[in-house]
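So the chains spell out like this:
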Amino acid sequence: MAYFHRSICISPQVSFPEADLSRLRESKNNLLEVTEPDYPGIPPGVKRRMGKSVRMAVGAALPLLEDYPAPEGMIIATANGGMEDCLKFLNQILEYNEGLLTPGNFVQSTSNAAAAQIALVTKNHSYNITHVHRGLAFENALMDTIMLLKENPSSGYLLGCTDEISAYNYNIDRLAGWFRDKPVLNRDLFLSPAKGTIAGEGAFMVWMDNKRSGASAEIHAVKTLHSMDPTVVEEGMKQFISENVPAGENPDLLMTGENGDERMNPFLESIESCFPASMPIARFKHLCGEYCTASSFACWLSMQIFQTGKIPTLLVKKNPTDSPVEKIIIYNNYRELQHSFILMSAIDG
Amino acid sequence: MSRIIITGMGLISAIGDSVETNRDSLHNELTGISHIQFYKTAYAGKLPTAEVRHTTEELNRKIFQPESSSITRTSLLGLHAAAEAIRDSGLTLEQLSSKDTALVGATTVGGMCLTDELYHDAKAKEGGTPYLTSYDYASVTLAIQERYRMTGEVSTINTACSSSANAIIYGARLIRHGFAKRAIVGGAESLAKFTINGFNALNILSSRPCAPFDKNRSGLNLGEGAGFLVLEKEEDLQGRKSYAAFTGFGNKNDAYHPSSNSPEGTGPYMSMKAALENSGLKSSDISYINAHGTATENNDETESRAMLRLFEKVPPFSSTKSYTGHTLGAAGAIEAIYSILNLAHQEIYASLSFNDPIPETGLIPVQHYNKQPIEHVMSNSFGFGGNCSTLIFSKT
Amino acid sequence: METTDLKKQLKEQIIHFLNLTTVKPEDIKDDEPLFGEGLGLDSIDSIELIVLLSREYGINIQDPKEGRKILTDINTMVSYIEKNRTK
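Residue numbers (our numbering), protein chains in the order written: chain A, 7 to 355; chain B, 237 to 632; chain C, 3 to 89.
Treat the hints as calculated values from the structure; they're not laboratory data.
We put the beta carbon where it would ideally sit given N, CA and C, even for glycine.
Treat each hint with caution, since some may be false.
Unchecked claim - Derived contacts from chain C toward chain A, CB cut-off under 7 Å, selection only:
1. I17
2. T24
3. S45
4. S48
5. I49
6. E50
7. G60
8. I63
9. I72
10. T74
Claimed, not checked - In silico BS3-like cross-links for lysine-lysine, where the CA-CA straight-line distance does not exceed 27 Å:
11. K10(C) / K451(B)
12. K94(A) / K509(B)
13. K509(B) / K229(A)
14. K156(A) / K509(B)
What the hints assert, rightly or not - Just so you have them, the derived chain A footprint on chain B, three or more residues with Cβ under 8 Å:
15. 349-363
16. 376-388
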């Protein structure tokens with residue numbers, strides 16, 4: 007058994023300290039950027055060195071750890087966390103011709119900087135790891151934590167992720183054709199599918215343990231796969247359902263990582279075809295934008311849906327419903343090749 | 237539960253293109269540390285490094301990659317080592333591409349060895365080099381996934397210098413929990429201006445060949461290379477050879493400073509202790525330690541303190557970084573393979589360039605290659621960010 | 003440049019270089035230790051300050067241990083700069 011308890015989500019929408027999913031905050035220049043909160047918990051001496059992704063991660067983790075002060079592991083995912091610092095250091099290398107350089111950017115640019123800083127500030131010596139496998143980094147971190155809970159059933163863990171939009175990284179991805187070349191607002195993202203999507207960023211931290219009491223959601227299963235073939239992905243989803251969903255207990259909602267990039271359409275069609283035509287379908291990337299660990303935002307949204315009992319209208323693609331949502335299946339796709347399935351359910355009573 | 241066994245290994249480093257040639261160098265106490273031949277940096281000729289003795293074009297040809305591919309040197313090194321490990325294990329292509337074969341890679345540089353291309357692509361208004369999608373860490377693992385059409389669980393880990401040790405741990409756990417039947421695990425790293433300049437800015441690169449655990453050590457030498465292992469359950473061996481068993485691991489965080497260990501070596505101590513507890517062994521069961529031993533002032537002293545604290549009598553130990561340099565993300569896997577060679581051949585390796593012990597701790601590493609009974613080997617990898625990992629391998 | 007002006011300039015440079023966003027020049031006392039207590043800087047900062055001395059004042063300190071002695075407080079830094087600056 008694996009449960010999500012309290013979580014903190016720092017996103018381009020109103021998600022922290024309170025969530026408000028009634029209105030959509032707009033993108034600017036095809037970017038959905040986080041407006042950062044104050045982070046009073048981060049000591050200034052440590053905060054001054056942090057890039058945005060590390061700040062968001064530490065800023066989300068510290069308030070959570072006040073409620074759960076003794077994690078026996080910190081499992082963090084990031085794919086491009088620290089890229090901004092990395093490229094700042096690169097600038098120095100070239101500007102000063104590999105001469106005398108300041109090491110601060112180099113130290114902060116390492117992927118494990120977020121996990122390291124959280125451990126350092128809280129003086130936590132336990133298991134500490136950073137998964138960086140592009141669009142499946144968060145799913146791998148989730149799987150790692152699920153295994154830890156089986157190994158140590160009475161322990162609790164901090165699971166989280168962070169990714170930032172860095173100007174340099176955005177440029178590289180734009181040249182590679184992953185972002186829209188014409189301006190598009192997030193609210194219009196799905197109106198006319200084209201090549202590319204819009205960029206996003208954010209951090210998510212959650213406490214995981216084996217205790218059902220007080221939990222926000224149960225995590226039943228997570229599976230990942232690499233394929234460019236929609237048939238293979240469809241097979242993968244069917245197998246995931248047959249292994250994890252008891253017959254007759256269909257999920258109440260399918261949440262997909264549809265992002266307005268028309269290259270995803272064959273995959274989306276295959277996945278949607280695994281469910282009855284009446285299945286309510288939601289999507290989330292017009293809220294958070296596209297980034298490697300965006301599936302964590304879908305998990306956070308699922309927890310909001312379980313808590314409020316309602317699917318925010320903003321999210322609905324098809325078949326809106328007022329019926330109770332007990333079980334959500336999340337399908338995410340990152341740049342065609344990487345796919346993930348996550349099954350979560352509400353806690354009754 | 238069935239033990240996790242290593243059934244295949246592959247390796248490329250400054251001291252050889254294969255497991256066998258690496259072992260020859262270790263046996264003959266031949267270091268790979270010298271001056272940079274191929275990589276273009278202002279530090280060529282000034283800072284000793286342990287470069288793999290092939291140009292990137294040669295590596296491309298050796299691994300039969302199409303010339304026009306956008307695969308970076310780091311990925312080529314990874315492919316080279318993974319190919320050897322796979323051949324060595326006797327796994328079929330069908331088994332490799334099945335859903336129950338996992339792949340866990342590790343790197344700290346990824347495709348960022350291509351500094352000039354990265355800089356160009358970060359700023360260009362249009363166009364871009366062929367490497368646009370090859371800079372990130374995952375690209376190294378995905379090069380292997382793509383080549384062998386792997387459909388099982390795939391992950392990439394970056395915890396600085398302990399990355400591939402953690403990849404080995406994660407792969408073994410995927411098998412234990414039934415997410416995979418077998419796992420290809422390891423890491424790859426190539427020289428990069430990014431790491432050369434980063435470590436140099438921290439004043440921890442030595443202008444001499446590194447001298448781990450020596451009183452007059454003056455820092456590390458960077459190295460490059462890749463190591464991959466095939467992990468399987470003992471019950472699945474079906475008569476195939478086994479090199480050693482992976483019997484214990486520890487992962488703890490020092491939580492003291494972003495780029496150095498606490499003076500008492502808390503993280504290293506806890507990591508080694510956790511590995512012992514995980515394996516069910518006593519400290520006196522450890523025959524030999526492949527130390528992290530980077531030859532920085534901080535690591536060697538703190539690792540020594542941790543060993544003294546944990547072991548009533550510190551077992552023989554060496555740092556093979558005196559041969560391969562510090563291969564960062566690949567170090568955990570490369571040194572795991574050396575540890576397995578210790579067991580398979582019942583031998584231990586010299587720690588080169590050592591003269592006088594650190595006065596505060598007095599520990600003396602192994603100084604000459606020799607054969608002796610080895611039952612259990614401990615391998616340490618301690619990275620920036622306090623990420624400390626320890627692996628234990630045992631004779632089968 | 004007058005010593006008092008140099009002290010003020012140095013404090014501003016330190017704040018900017020080390021991104022000490024919550025510190026003002028008036029907060030840094032001339033004889034307050036920069037490392038450990040006082041401003042609470044660490045080993046990474048000591049390296050960064052050595053780079054600052056090179057880039058702003060043309061002073062090259064080869065031995066980081068020597069550097070730490072010079073970087074004790076504002077007074078010792080300013081005194082060293084006045085004697086050794088080439089810019």
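How the hints compare with the structure:
1. I17: violated (10 Å)
2. T24: holds (4 Å)
3. S45: violated (10 Å)
4. S48: For S48(C), the interface hint is violated, since the closest Cβ of chain A sits about 10 Å away, which is over 7 Å.
5. I49: Holds, about 6 Å.
6. E50: holds (5 Å)
7. G60: violated (11 Å)
8. I63: violated (10 Å)
9. I72: violated (16 Å)
10. T74: With a closest approach of 19 Å, the T74(C) hint is violated.
11. K10(C) / K451(B): The hint is violated at about 42 Å.
12. K94(A) / K509(B): violated (39 Å)
13. K509(B) / K229(A): violated (33 Å)
14. K156(A) / K509(B): holds (21 Å)
15. 349-363: With 9 residues closer than 8 Å to chain A, the region 349-363 of chain B meets the three-residue bar; holds.
16. 376-388: Coverage by chain A holds here, the residue count being 5 at a Cβ distance below 8 Å.
Violation of the numbered hints given earlier is confined to hints 1, 3, 4, 7, 8, 9, 10, 11, 12, 13; the remaining hints are satisfied by the structure.
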